[in-house]
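Residue numbers (this note's numbering), protein chains in the order written: chain D, 1 to 469; chain Z, 1 to 469; chain C, 1 to 469; chain V, 1 to 469.
Honestly, the hints are just simulated from the structure, not real lab data.
In this text the structure is predicted, and so the values were computed from the model without any measurement.
Take the hints with a grain of salt, since some may be wrong.
What the hints assert, rightly or not - Only pairs whose alpha carbons sit at most 20 Å apart, straight line, appear in this in silico DMTMM-like list of lysine to aspartate or glutamate:
no., chain 1, residue 1, chain 2, residue 2
1, Z, K439, Z, D250
2, V, K170, V, E88
3, C, K121, V, D201
4, C, K121, V, E95
5, D, K215, D, D259
6, V, K308, V, E328
7, D, K215, V, D201
8, Z, K215, C, E337
9, D, K121, Z, D91
10, D, K308, D, E329
11, D, K121, Z, D250
12, D, K215, D, D264
13, Z, K198, C, D213
Protein chains: 4
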Amino acid sequence: LARQPNFLDRALNQVRNWRGGDPSPVGPVTVKPELSESDLPTIRQQIDACLADQGGAVSARLRAAELGRAYLSLNARGRLRFFRLLAEEYDVDVEEIDRASSALAAAEGEQDRRTARERLKHSLTAPRVYLLTQFNSLERGVKFLVDMRAELLGLLSEHPELRPVDADLKDLLRGWFDVGFLDMAQITFNSPASLLEKLIDYEAVHEIRSWSDLKNRLDSDRRCFSFVHPNMPDEPLIFVEVALVNGMADNVQSLLDEDAPPIDPDAADTAIFYSISNCQSGLAGVGFGDFLIKRVVDRLSQRLPNLKTFATLSPMPGFRRWLDGRIEEGEEGLLTESEARLLSAMMRADDGHAALKALLSDPDWPREADLSDAARPALMRLGARYLSSERDGRGRPFDPVARFHLNNGARIERINWLGDRSASGMHQSAGLMVNYLYKLDQIERNHEMFRGEGAIVASAAVRRMARGS
Amino acid sequence: LARQPNFLDRALNQVRNWRGGDPSPVGPVTVKPELSESDLPTIRQQIDACLADQGGAVSARLRAAELGRAYLSLNARGRLRFFRLLAEEYDVDVEEIDRASSALAAAEGEQDRRTARERLKHSLTAPRVYLLTQFNSLERGVKFLVDMRAELLGLLSEHPELRPVDADLKDLLRGWFDVGFLDMAQITFNSPASLLEKLIDYEAVHEIRSWSDLKNRLDSDRRCFSFVHPNMPDEPLIFVEVALVNGMADNVQSLLDEDAPPIDPDAADTAIFYSISNCQSGLAGVGFGDFLIKRVVDRLSQRLPNLKTFATLSPMPGFRRWLDGRIEEGEEGLLTESEARLLSAMMRADDGHAALKALLSDPDWPREADLSDAARPALMRLGARYLSSERDGRGRPFDPVARFHLNNGARIERINWLGDRSASGMHQSAGLMVNYLYKLDQIERNHEMFRGEGAIVASAAVRRMARGS
Amino acid sequence: LARQPNFLDRALNQVRNWRGGDPSPVGPVTVKPELSESDLPTIRQQIDACLADQGGAVSARLRAAELGRAYLSLNARGRLRFFRLLAEEYDVDVEEIDRASSALAAAEGEQDRRTARERLKHSLTAPRVYLLTQFNSLERGVKFLVDMRAELLGLLSEHPELRPVDADLKDLLRGWFDVGFLDMAQITFNSPASLLEKLIDYEAVHEIRSWSDLKNRLDSDRRCFSFVHPNMPDEPLIFVEVALVNGMADNVQSLLDEDAPPIDPDAADTAIFYSISNCQSGLAGVGFGDFLIKRVVDRLSQRLPNLKTFATLSPMPGFRRWLDGRIEEGEEGLLTESEARLLSAMMRADDGHAALKALLSDPDWPREADLSDAARPALMRLGARYLSSERDGRGRPFDPVARFHLNNGARIERINWLGDRSASGMHQSAGLMVNYLYKLDQIERNHEMFRGEGAIVASAAVRRMARGS
Amino acid sequence: LARQPNFLDRALNQVRNWRGGDPSPVGPVTVKPELSESDLPTIRQQIDACLADQGGAVSARLRAAELGRAYLSLNARGRLRFFRLLAEEYDVDVEEIDRASSALAAAEGEQDRRTARERLKHSLTAPRVYLLTQFNSLERGVKFLVDMRAELLGLLSEHPELRPVDADLKDLLRGWFDVGFLDMAQITFNSPASLLEKLIDYEAVHEIRSWSDLKNRLDSDRRCFSFVHPNMPDEPLIFVEVALVNGMADNVQSLLDEDAPPIDPDAADTAIFYSISNCQSGLAGVGFGDFLIKRVVDRLSQRLPNLKTFATLSPMPGFRRWLDGRIEEGEEGLLTESEARLLSAMMRADDGHAALKALLSDPDWPREADLSDAARPALMRLGARYLSSERDGRGRPFDPVARFHLNNGARIERINWLGDRSASGMHQSAGLMVNYLYKLDQIERNHEMFRGEGAIVASAAVRRMARGS
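Chain D extracted, bound-state conformation (with noise of 0.2 Å):
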């Protein structure tokens, strides 16, 4: 569900130390913006005065904030070589593991051996992350660190020697932005513009196309939640986006309609989560998105006693992918006999293979009622299957979307015919949409299920429709 967000645009003069701007006694750090060799013993002679506590723990500090001014000097070129720095220099010193290693076989009697394992777990312990955890200093520390693990992911493919400092600053942040840390916030339209400006952004699901598009989407019958750092106020980690409607929401166009009247949310008995969207790609595993929708679900049966139903209108973005690979591979079975003689005969096709791939390949067949009508059958049962039984090589479901939902305990509720006829929607799902529901009862029962046998819950209508019957 994430998203890159354009990090770090906000300029070198936004981040200033944490003495309020002025001068450090430590002195800049002023290197080339490509790093080049010649910088490398100055940002060295840094780093270790800094993991050596030199001047005390307050000059560190500034000499880590000095660095962190530093680093954003650097291009991208610079920065690459920052990151080899740590991973090649910083990294854990096996020796000295070895060492522990034999102090701990070798240690007598149990406060000797507690020393001894004290000692072994300091040295699995990378230095570099005590530089890291110093960042945090500078005066959005904690958001630069969130950014400089976004650009990091951006260069793991290229260069996977990065990957330990990825862990290293993944196992921080997932220390820092532990849920019991979080304030989960509710969004209006009198929230800072600025903070809007983020929503428009980040949201990944359904683009927000214009400022009317967002204002509809936080009127007196819509909420938006999102998750806050008390260290980054201004910045949303994860959002989610819900309509207060009566009845299962089957189609998300309905939803976006900024024309259609606002109706009473008191008078509502459904919540439909509609977009979930991250905000900080450098947050990317670690995991709150379930907690903020539970979280949501208690708030909202708190504040308005008539909902009865806590639902999601999802996408199935894996779902065209899959039904290409069978058509491709020519799976036998695919479709049903009068499926595919229906289907050929509309599209004066060979076989159902050839005129199941002809109609998938213009977005634009559901506009003909007949062919549309062909097509349903055998498109839903197809949604059904794939939901439902359809499985990637790790044995997980296939679809990306059910696999978060189905973890937290959702089950499968109901599969909506063109509930999307966005381009992408078409492109990515055939126009279909899929209802997760919440029921508070099932969920741990559903989540254990999922966890212990991988089983995927489903209503018995969805099962009923991917058996074809």
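Given chain D's structure and the hints, the job is docking chains Z, C and V onto it.
Just chains Z, C and V now, with coordinates in the frame of chain D:
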């Protein structure tokens, strides 16, 4: 400097789980106050379910919250049992450490070794750490853990087997209370009364006797700053009281005189730090005091450019204890001949040691001018000697307050005769007080000299006085 | 109910003009503290320039600000002179009133008449009103005028010639402090200490003896609300203290007992208003007390649906004065025969009047149970009679607190024997207290009956008691 | 400068009475949208009960609130009837005025005369004023009355009989919106989006075309300030947009260019006020614009000491209307001979008047450099003449914007050729713009000269240009 707060006096009903008070789906954990043997299986089962993320991460948090409530319902005996459970049953698995060590030794290739190191590191972390972390999801979870550690600290001397639990808790809190996460807040008489009441409770150096005493300490020529953690914003962690004066203050009773008229803060040339108190005994050893002083120096220099000198007016809490020891063991040369002669005559004592002992045994001696004049040269010299050269068994400066400021990079600037005539001032340090001077451009050097060679930096005047010249 | 606040003790340096402390282009107005004869031309010139909007409206405001500063620099004598200047030289222009009257009489046609009426109305407003209005541009201008009126009120009895100035000031403040502009604020122990200190200063009914007494009055089963004006947000205008109890409270010492454990506010069935204090003596006669009670009733009913009864526990401050008068003039039938007989015997007095007089002269009589039992029937009957039928020279209920609550639509519900045994309670009302009951559906009718026929509404029990039956 | 806001579009459900939405004891006032004849008695009865304080002051407020709701439920026709009712039946009582006048004439003694004057003054205030005042107890009562006046203003030209109601309402609002009660607020892109949306709606000078246009106007080298009333804090009353630049800006399109990089605000030497817009049409005639400019000048000088020049970049909205009139009536000497010759040749016209008329009729003329060069001397001279010497029928400067700034004490500093090439700029002022200069030490004198002798202060350069020299 720390003092035991009246922790956990906020009763059970103030702690609600993160869902806002609703009954949680996981059900309450009900145990007897003393946590009888028959309750242990329930507790174990909850902890195990928690550690296994049973029902998903959200359910695990709810379980942790229920366990937290159960803990709060325990009496002293019950809590001891609870801590013992954590110490005995949720410690590291020694066999897994062995296996992981062997696996690391056997690993080949960088990736395998890295994985093996991760496993080893993980095995070195006690499972209870995971549980303790989850308590932060309680309504006031961070404070909960701080108070839990305060309680635990009180048990350590009698129950050393709990030390490993404390070590884990301290590690956890050290990460959460890293100075980069703390806000510095100014406290004034416009601050909430409930917060000011805490200052009265926590002040550990010069007792706040009444609300009018407190108001005087927050007058227009005073400043008070504290560190605050975003997850417990109404709880000061540490606070410092500052007086804006002209010239370096030499007497704390004058500073605290409620009848003294305030001076114009913009005209003051000196800021005197006359009291620093830690507020959370559960954060003992998690240091941020040095940061506070330097951030206050920064803040004040920006706001009040007239300030030229930043110094403390500090007690010498170990002086009498040290001096009494010297007298007791009859240290030769403790007094100079002339000092001994004069004092013996005044006190009608056999020798200098007896005279000094007799003098100090009556806290009212400063009232008699003759006596006071006679004692002054000896006591000032001994005070200077005590601070500038006496060390404890571990080679550190004998005086704990001196250790703190010297390690921060301050220097011993001046000894003040009868600077604190209060009962505790007379009792602890024969009325002497000391100014530690924070000179920005010498802090780093002083710190390094202290940390490196153990050098104690003192002004020429103090050094001369110690030498008796 | 009002009490003189310690007004204007915030010194001159706290009042800065609206430009944020900068010297204003119009230049300072410097006068002697006693405003000598030779200063008057300067003052006159400034006022005239102000009234003429010389230099434009902005300059006029700056001049008003300078005049305000000059006023603050005056001593008591100087302020008297200043008020006299306003009274004598900036009153209405009687000749212009005559001319405007004649013009109105001569006007023909609706438009001309309307213009003439405007002119006449304008001539009836004293020019000083325009000046007073402009003082609101001072940094704390609204508070400035409130305090100015407090000062002026203190002068009226000796200087009745200043009454017209007071009338103008009161009109102005009545408009500004219209209840529609006021906010109702809840006060808790989390409110700023500087605000709570004002409660201690202003409490006029049952003195707040200490911060712990105050804290007890803000405990979980207490509520405190005040009205606040947006332009002087840190100054309560009036506040009411409420106790949440079970059953109608009959004793104020019990309510104020710091050792009594708090009860569960959600379980309480009764809200007792036990103290209402005005805070700004400069707002005397600008009534909003009745609004406060009813808004508090509304707020509490919404938040605590269990509350069924809203009543006061009030003093009867005029009872003893009235009763002493009756005894003094030897009113026949003041006591019934049996009451007189019993009391005479107990007090060894010649007759009932003498016995009653003797009894009341010793405030310790309640300690003797026999005496107390003997006095009870007579005093309770007389208290009931006093409240329910005694009137002052203008035909109003004799008791000022009764007038306030009866006019608000409350009814006299119950007299409480020894409800206030404090020195002032014994002195003013022989220990009696009274509950006024606010019953929402009877308030309008009670008010109309009181205002129309002057009817005093009392419960059947009180009426019976007054009749002695 | 004012513009009609989209008032009262916040529907009925947003207005709740002061009791927090509960049904009030006085019962709802239900009338038909058009306020039919049969509804009038109900309305009259409520108003009368209100004016009589029936049931006490609190009930009167509730009645006013119910009347306010009823008003909001009316359509345009109903509101007209409601205003007529106020105009006809709740006007001053002419006979009472006569009686009070006679009583004053007959009064003897100072006290009696004072009482008689009070009575007369009271009789000159229409009873409806009392009702209107009480509307402030509505949830958003101050805004309610502002919007009510906006509605009323729209009716005055067709219904002059309502003017007295407007006069009363304006008096009331003038008192409430006295500048001493207003807060100055800075608006940034961190302000609530709902507030920023209002800027887009209200901007009356240079239309805000989009959110990115708005964001550019709130960039780091821009400032925006507004006045706000404490009882309607989310509604700007007036706002000014300021650009921080180097040298006096001469072109508004450059200022609004979204692609221009921001400059360093601390380095800017000039603040340009390029747009002032009133937001509440219901406050027409309640002036505070001059206060805003001067407070902004103060604020900016304090924060940005580098600023040396404060000036506007203003339109000349009446220039073309005036010039077209001159051409139409064929004013002799409108153009100099050489100007006429040159223009006639360029435009192939018979004479200068015809040439000028032809030129101005095509808004695209600036595109042709020859034409533009030929027109420049004549148009600049005429613009300078227009501003510095042309007056309207009442002797005031012809240009309304000039009137505003000259009255504030600014002077005409410079005419800018093609300073506004937008459609409206060409249409209203042939592309000319003007800088008015605010020089702190000349403001008072300029204002007095303008108000006294009607003198228009202009720079030597403008005066020379007007003379054609």
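Against the structure, the hints come out as follows:
1. Z:K439 to Z:D250: Within the cut-off at roughly 18 Å; holds.
2. V:K170 to V:E88: holds (18 Å)
3. C:K121 to V:D201: violated (39 Å)
4. C:K121 to V:E95: holds (16 Å)
5. D:K215 to D:D259: holds (12 Å)
6. V:K308 to V:E328: Not OK: K308 (chain V) and E328 (chain V) at ~43 Å, beyond 20 Å, violated.
7. D:K215 to V:D201: holds (15 Å)
8. Z:K215 to C:E337: violated (60 Å)
9. D:K121 to Z:D91: holds (14 Å)
10. D:K308 to D:E329: violated (44 Å)
11. D:K121 to Z:D250: violated (49 Å)
12. D:K215 to D:D264: holds (17 Å)
13. Z:K198 to C:D213: Cα-Cα ~17 Å, so holds.
This entry does not satisfy hints 3, 6, 8, 10, 11, going by the numbered hints stated previously.
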